[in-house]
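K.L.:
Read off the chains here:
Number of protein chains: 2
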Amino acid sequence: MTAPEGFLRELEKLFPAGSRHTDPAQCWAYGYDNSKRQALPDAVVFPRSHEDVVTLVRLCNRHRVPLTARGRGTGTTGATVPIAGGVVASLERMTRIIEISPDNRFAVVEPGVTNQALQDAVKPHGFFWPPDPTSAEFCSIGGNLAYNSAGPRAVKYGTPRENTLGLRAVTGAGEELRCGVYTTKGVVGYDLTRLIIGSEGTLAIITEATLKLTPLPSAKRTLRAIYADVASAARAIARIMAQPVIPCALEFIDGNAIALVRRYAAVDLPEDAAALLMIELDGSPESLDAGVESLRAAASLDGLVEFRAARTATEVEALWSIRKALSPSLRKVAPKKLNEDVVVPVTELPALIAGLDELSQKHAIPIVNFGHAGNGNIHVNLLFDPDRADENERAHACLHEMFALVLELRGTLSGEHGVGIEKRDYVGKELDRTSLALMHAIKRQFDPCGILNPGKSFPAEEAPPPA
Amino acid sequence: MTAPEGFLRELEKLFPAGSRHTDPAQCWAYGYDNSKRQALPDAVVFPRSHEDVVTLVRLCNRHRVPLTARGRGTGTTGATVPIAGGVVASLERMTRIIEISPDNRFAVVEPGVTNQALQDAVKPHGFFWPPDPTSAEFCSIGGNLAYNSAGPRAVKYGTPRENTLGLRAVTGAGEELRCGVYTTKGVVGYDLTRLIIGSEGTLAIITEATLKLTPLPSAKRTLRAIYADVASAARAIARIMAQPVIPCALEFIDGNAIALVRRYAAVDLPEDAAALLMIELDGSPESLDAGVESLRAAASLDGLVEFRAARTATEVEALWSIRKALSPSLRKVAPKKLNEDVVVPVTELPALIAGLDELSQKHAIPIVNFGHAGNGNIHVNLLFDPDRADENERAHACLHEMFALVLELRGTLSGEHGVGIEKRDYVGKELDRTSLALMHAIKRQFDPCGILNPGKSFPAEEAPPPA
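Residue numbers (the UniProt record's numbering), protein chains in the order written: chain W, 1 to 467; chain L, 1 to 467.
Worth double-checking, as some hints may not be accurate.
Identical chains blur together in the list; that is why a pair holds if it fits in one copy or across any two.
[As the list claims (entries may be wrong)] Computed list of lysine-lysine pairs in DSSO-like fashion (alpha-carbon distance at most 30 Å, straight line):
no.	residue 1	residue 2
1	Lys-123	Lys-220
2	Lys-13	Lys-220
3	Lys-362	Lys-123
4	Lys-123	Lys-156
Just so you know, these hints were derived from the structure itself, not from any lab. The structure displayed is predicted, hence computed values, not measured ones.
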């Protein structure tokens, strides 16, 4: 769509030069995310306060103009790409850390604060905020909440839903609300906090978040277990999760990933390494030796080739080097690869990996798997060139069957990347008819004119078609 | 209301004798909960399966007959009292433990399973489910989820919202749904799981829950700290929560409670004990000594009279004896006391306790405080005889001012008991207009005819008046 003339005039009056862009050349830079998709908004606005957001939403709502909230554009699903045009609200200037209360273990922040800036601010008090997406250095808290983004630490510490106490937000109708509490308990009313978290900006725009802080562990150990085959590694993951010591990271890399790294980097790995687990354990220094032994016992089964525990910072770095070399190697071999973040119960990991192997062969699409094994959250990378029609077709047929496999194994289509545009059309395969209808109905209560991020998160019911 | 004649005939056909009561004498026993309120339902039905619940809800919905789901009636707010008449669905016969998956750390259960039965079933696998209300031996998982009930362990392990992966449920429209996942990550669609948890049976009836299990800690220590005044104890709580070792229980008892226990039981306490903290720490055996020292350091400040660490089971029992003697003593002195479960940020505990002291004097109502201090969740007991009009009036004036104080301190009116009927008329003081309107709107999407537990959880908007 193109925003109505009267709307743009009003917008320019309410948000003077310096607080918005309407020049397409400037707007263009706010129309993409890490999905590589891009669309041109009619305007970009940079709110500085909750009140600015209220003003903006009310204006858009009155004129029925689509409004897409945006953090730092690090998402991978197109959720912040303004496919219906209208306004992008870039929250990058709402970067105040409003309050840090160590005794109460919370921090109150605006949505534009980066994950890293928050960690830096609470670290001197002895705390951290657990969610740790790969993009932590750059991504915003608002984005983390919108997607319910997590990372390796989620296996022990949970996702934003388990680490957020309350929100301030503005609905699609331009109404202000505060939900949740400043405490770790509170049962008055329905849980709107978690409803808004993970809703990808389709229900409300978050203007303030009260985050639950966790004490920094005083010590950490890094372990690496190498297996002769993927099935053994998958069994080890289930055994590790069945014993009482919860690692703060349990990352998996499959044989194809190892082969890829070998191609592009010099790595110190046994010849027969066909799968690898990176395990991190944190806690009090006194508890770690026993914890390492418990993890070593769980990781030790037929197929284990090597188990190493790093003792020094240099050794830690050496153990992580394979994992770190992986992403650049993947980019070299398939710059436009598909990276899915499916999840299955950990006992189903062997079946998932075996099934993916079959699909890879059937469709002649190389697949590389790695990810957050402790949650059963595997990043499945389909390596192909989307510009070659035949490869593209085979890859998407493969993807389709992969999603069916994941659901058959009682899994979910996304563990942390979200739905956005990328998985929108698959959502109906996971959610039942009643749930979907309720979600659409809830959306209408928060956003009666459907202006907030239209066309995202769900198969279109009433959303305008992509531009 | 009285249920329409045709409705009861249909009900009796669908649910044969043995699966329902319609005789008032039998129904009466299902019309109360631990709030001491009672109302007579027209019928009580005992579903045995998800399908039975679907049948029942559809019937009630077609006839616009109120339907109140009930676990074991241990709630304290009247949430399961059928004030609008109609049908009580007693879920006590849905007691199947459908699946226990230790490797995946989940258990799938029907709502009538008691908290204790669940713990007994998962313990041999080395796991527990963290929520531990006082009534754990008898209360049901369905009730725990409906209220988002917790107990002492919540300070370390969270409430049902943090310990539930997914639900199967039936909406007020009789539609079936499954929400959530079988894994610890999942971001497809809005979070209906947490929306239904804590909704007190007003949105849907839960027929199956997938619960996240936690490994049983291998060791535990019990500590007791006694203070010369309440303010010192309150400062100690904030200091304990600001250091990295998270206790698995941090319980508080004030001076009035200690005085009361002294009156009715022989207790081994220093003369000048005016406040008491019970602290429990769990974890690996290797970590506990250092943990105890960290907690001792945090608890040690001016006003500390005595700090004891139990070494044997007998010593543990001795330390807990004061706390255990408290409830019987309270019942003796004021059998119809009001027990509120307000929450404030832990740094506000000194202000809360001081404020309550003032209110107690102003209204001449003795107040005894104890509770889950680590969450700032204090059970405030107003001791009075509601059958004496003057005392009753003063107590409610006191309650009113107490709630205002709690909200002023950024607290919440209920940490674990819920709203039900008891706090319904205060909800509007905590939640803003937008949130309340959204909650009513969400309710209408799940339950268009308003049959599910009418008149509960919120100030009446469209609900029928209490019978």
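K.L.:
Could you check the structure against the hints above and give me the numbers of any it violates, in ascending order?
P.N.:
2 and 3
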